[in-house]
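Participant: Here's the letter readout for the chains.
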Amino acid sequence: MNYQFPTIAETADTLSKRLENLDNKADILRAVELKALYDELRILPNDQKAAFGAEVNALRNSLQEQVESHQENEQALTPIDVTAPFDINSTIEDRPRLLPAEQGSIHPLMTELKSILDIFYRMGFTAVESREIDDDYHMFGALNFHENHPARDDYDTFMTKQTDANGKPFIAPAHTSSMQHRILKGYKNLLENDMPIAAVIPGRVFRNEDLDARHEHTFYQVEGVYVGRGVHVGNLIATLKTFLQEYYQKELEVKTQPFYFPFTEPSFEFALSCPFCDKAGCNICSQSGWIELLGCGMIHPNVLREAGVDPELYTGFAWGFGVERLVMMKYGIEDIRHFESAKLDFLRQFA
Amino acid sequence: MKISYNWIQEYVDFELPPVGELVERIGAQLGAVEEVIDISKKYQGVIISRIVSCRPVEDSDHLNLCFIDDGGVAGDVERNESGHVQVVCGAPNVREGLMVAWLPPGSTVPSSFDKDPFVLGARKLRGYVSNGMIASPQELAIGDSHDGILEIDGDYQPGADFAATFKLNDYVIDIENKMFTHRPDCFGILGVAREIAGIYGHAFTEPDWYEVFTADLSPRGDDLPLRIRNEAVELVPRLMALALRNVAIKASSVWYQTLLSRIGIRPINNIVDATNYYMYLTGQPLHAYDYDKVRALDGSDIATLVARRTAAGEKLTLLNGKEIEPREGAIVIATETQVIGLAGVMGGAETEVDVDTKNIILESATFDMYSIRKTSMVHGLFSEAVTRFNKGQSPYQNDRIVMAASRFMSRESGAEFASDILDEGELRLADGQTTVTNVSVGLDFISERLGYRFEAATAASLLANVGFTVDTSDDDGQEVLHIGVPFWRTDIEIAEDVVEEVGRLYGFDRLPLELPTRMMAPAVTNPMFVLKDQLRNTLSGAGANEVLTYSFVHGKLFDAIGQDKAMAYSLTNALSPDLQYYRQSLTPSLLDKVYANVRAGYGQFALFELGKAHIADSTLLEDGVPVEFEQLSLVFAADPKSAKQYGGAAYYQAQYYLMNLLSQLGIQQQVRLSALNVEGYQDADKAKTTIYHPSRAATVWSGDTIIGEIGEYKSSVRKALKLPEYCAGFELDLHALLQLRQTIKQYKALPKFPKTGQDICLRVPTPTSYQAVYDLVSGMAQDAYGEHALVTVSPLDIFQRDADEAYKQITLRISIASYQRTLTDAEVSKLLDDIANKAAETLQAERV
Chain A
526 MNYQFPTIAE TADTLSKRLE NLDNKADILR AVELKALYDE LRILPNDQKA AFGAEVNALR
586 NSLQEQVESH QENEQALTPI DVTAPFDINS TIEDRPRLLP AEQGSIHPLM TELKSILDIF
646 YRMGFTAVES REIDDDYHMF GALNFHENHP ARDDYDTFMT KQTDANGKPF IAPAHTSSMQ
706 HRILKGYKNL LENDMPIAAV IPGRVFRNED LDARHEHTFY QVEGVYVGRG VHVGNLIATL
766 KTFLQEYYQK ELEVKTQPFY FPFTEPSFEF ALSCPFCDKA GCNICSQSGW IELLGCGMIH
826 PNVLREAGVD PELYTGFAWG FGVERLVMMK YGIEDIRHFE SAKLDFLRQF A
Chain B
6 MKISYNWIQE YVDFELPPVG ELVERIGAQL GAVEEVIDIS KKYQGVIISR IVSCRPVEDS
66 DHLNLCFIDD GGVAGDVERN ESGHVQVVCG APNVREGLMV AWLPPGSTVP SSFDKDPFVL
126 GARKLRGYVS NGMIASPQEL AIGDSHDGIL EIDGDYQPGA DFAATFKLND YVIDIENKMF
186 THRPDCFGIL GVAREIAGIY GHAFTEPDWY EVFTADLSPR GDDLPLRIRN EAVELVPRLM
246 ALALRNVAIK ASSVWYQTLL SRIGIRPINN IVDATNYYMY LTGQPLHAYD YDKVRALDGS
306 DIATLVARRT AAGEKLTLLN GKEIEPREGA IVIATETQVI GLAGVMGGAE TEVDVDTKNI
366 ILESATFDMY SIRKTSMVHG LFSEAVTRFN KGQSPYQNDR IVMAASRFMS RESGAEFASD
426 ILDEGELRLA DGQTTVTNVS VGLDFISERL GYRFEAATAA SLLANVGFTV DTSDDDGQEV
486 LHIGVPFWRT DIEIAEDVVE EVGRLYGFDR LPLELPTRMM APAVTNPMFV LKDQLRNTLS
546 GAGANEVLTY SFVHGKLFDA IGQDKAMAYS LTNALSPDLQ YYRQSLTPSL LDKVYANVRA
606 GYGQFALFEL GKAHIADSTL LEDGVPVEFE QLSLVFAADP KSAKQYGGAA YYQAQYYLMN
666 LLSQLGIQQQ VRLSALNVEG YQDADKAKTT IYHPSRAATV WSGDTIIGEI GEYKSSVRKA
726 LKLPEYCAGF ELDLHALLQL RQTIKQYKAL PKFPKTGQDI CLRVPTPTSY QAVYDLVSGM
786 AQDAYGEHAL VTVSPLDIFQ RDADEAYKQI TLRISIASYQ RTLTDAEVSK LLDDIANKAA
846 ETLQAERV
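Order-wise, the sequence lines are chains A and B. Counting in our numbering, the first sequence runs from 526 upward without gaps. Counting in our numbering, the second sequence runs from 6 upward without gaps.
No false leads were mixed into what you were given.
Where chain B lies over chain A, by a calculated footprint (3+ residues, C-beta under 8 Å):
{"#": "1", "region": "720-732"}
{"#": "2", "region": "780-786"}
Heads up, incomplete: computed chain B residues facing chain A, CB under 7 Å, no partners named:
{"#": "3", "residue": "N531"}
{"#": "4", "residue": "S556"}
{"#": "5", "residue": "S575"}
Hints were generated in silico from the structure; no laboratory data involved. Bear in mind the structure is a predicted one, so any value in this text is a computation, not a measurement. Yeah, the Cβ is synthetic: ideal placement off N, Cα and C, and Gly gets one too.
Could you build all of it, start to finish, from the sequences and the hints given here?
Facilitator: Here is the structure:
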């Protein structure tokens, strides 16, 4: 850097030379010459103060950087051989080793996800992971959302500054349904061979929602898609009921409530009899005996058509449910924020 | 949407089942019920009574001593010789002859019922016993008015039960609004009653005024000049209005006040209450303007209502007193000269109906749902009207409703009709028309999608019960239903919509359950999921803890680790700066969690995460979306006390975890480490290197592909994130690991002949890498026997004398077992000599 004020340029030169020989490099920041410049600044006429001050600060920052860079190099004074299995002069006793296995843990959400996917595998569903950044088309357009649908404005859905080829922002998916179109399109050749499309899609989704003990802006969903010939509402309810009975290892009752999603017709909210109290009423089901668990429905013909599947020949169903809630109910976890807290107090309970 | 059980009962031709049963059926066949409130308990013991005498209490400026006739109904209360009860009342409107709601001793003040129940007694006021109290609307939880006692109009007998008389022995059923996203008709009692009739298999009888529009403008008074203009037909499919003159503004009759209060609407006056009543009945919001105020704004002899989009800079003071500048493009209602209402959202203060209003304009219109929603969101205004308009009310019902509501107002306020019914817009029914869309759907189509064989007559009657017209035809043996969609339904357009309607009215939960059948072909496994499972098992088995951290990070974290914000996807509507950017790598998120765990008392631990990273360079995948990098990150950290058990750099601890992992994947031999050199990276990948200490980090290679980085962290990173000194980790590309992963490990047969082992110690210049020494020794040992022996070379020691820093000694153990014969010590010694000579030649090594 070229300093315009001679006194500053001179000091910069002096200090830079002295720095080389200093044992404790940080001492340079306490040099009297530097302090003198700040003293000078105070008595300067007002019209020069700004320019002079800027240069003094620049000098100080430059010295600070040099000190830090020296410190970085200082540590590099003991170069290590990155290809060696252990450090020079280490003994058998102090060499690297693994932590005790009993401390290790898999995240409870991932454990649960695996057991969920395992059941669906056995039922014939392939697993595909959803995306964490998607576009307007997969999130809305391909799912029969009206161009002006409220979900498309940014009150509900996270959007990026960066835009896609159509000039629309990318989207942090608010549901795993954003994968439906890809699944239908990617596997439709199965239909031509008289095989159904059967896929489950786990993934991370995002909602513009304030955090509290029951609400997260980031959570996991499992989407399911099943399409074939003659697939009907009775199949949908039977499939989900069968899954849930296997998951909870007991007989359950299920019921539906009409709902509305743009991408299914008809749409339902799906509830199961509380597996924790067998409908007697408990805290988990808020004494109702029922747990509302997921949204589902028959895939809207427009969604099938958009993916090149003929809705006259093929019908299908889809569902989506959250994973956190299952895990919270199972273990009695009191605060959803624990999941992404990375607290060992929490995680090691699942060791 | 709050509905009243008793109000629904008025509109259906059969006796409703008990509320519990009804609620269950509503849940199963209409939409989830949020809450059921029994309001009858609130009004237990309230008695309609007449004030038979009333005189001021001496020494009081407002109290009156009254005797009331309760028909002798209340028990356990002191009465005078005429059987009347003494009550002291301070209300300004108390007077002889008034019919009132009396709360006898022992009853609870209804407004206090839900909070802190206040039970009345007989107590002395100014020396006079007051038995209970005469209630105000506020005390009865009917309205806000506490200015006086409730004056009961109409023909009621003293002693009548207040709750029974006004049907307050009622249940309020709150159905979740989101159930009706596509059912604007169900935001009215009429719509819900119609569905309930349909659910119970009864044909719904439409009220005459709703089924057919009949203009009846009597009594007709002198005209009030009025015109309307619709300048935004694309957003306002219909705008209707008429004028009424000589309205007497007063409280609505108690019947309507209590009716509205049951569902949570505060009665205001007979005109505003009428608009609310019809909105709750039909789902169509209405608005009443003070005619004279509207006309005065233009200083004209004619009042004008214009529906249009806003012009720039227009202002409006709303009913709630706030002045706003309506968003550009919002639909507004204006006179010729100024905006007077934010259409569909909130009316304006300047034309509000007040106690002095003499003439009114009643407006009923349909506004574009998306425009209304946007206006509501932009201005943060949420009203019952918005809730309804943003579902897209049918424009075809406006004429019925404006007619019925104005007749109601005329009845309740004595007003006369003072204009024709004005109607500007594009969507209206022709005379005699009741359906607006036709959908034909085969019976097979319905049955196949519901998995149940419906009879044509069954399906037809389910639909006809709720107002669809249904004709059936037989097309080549295929029964087809030809369905006419009634004018109030906006949601039935395609055959699948009819399937839903039939299924719902029949009951989805009554459909037979049947699992899909499939071929025995196994479901295809997803190799990435298999890999991730394996990594989780390996690392958790190695004592590491899997964490999940947010996909979004704070810009400050990028600053701390030296990543470029411009290379991150950033959210325009982040909840907070903490979550503004998509992360470019996982490790920083893990490092961010180290300090809290150290502070929580964990001396040493390894955190790992399997997740995604995104770099905002311009590369997009084929379908136009950004590349997602699947990563594994692990961080090992130990506080100074725990770190003492490890000799040397933390780097080696991370490397040990890495090698353990690679070995589990069967790819340890294919991976090489070399000192981290940023120059070897493409720009987009440099973000992955910034956190590492330049002399304590390595690039992880497979051939000439980079699969990750490993190392300790720069002191600036350590400082910013308060990391302990003993801290290192790695981050790997999972797609690369997936490519390399060996599902079958390499196995070698066990030799029958004994194993011979010898150690070799080589003194090499310090900069010579261990890898170079190992490769030479291992290579020569393998070459010497080829396939005829099983050779393993493993490290024993790396040693350096204090006084000899220029050199280090590497000791390796060579172990050989032949498949053919027993090896002699001499030949192995010979091999070691050869290796030593070669090492001296190429590595300047000296055998020790």
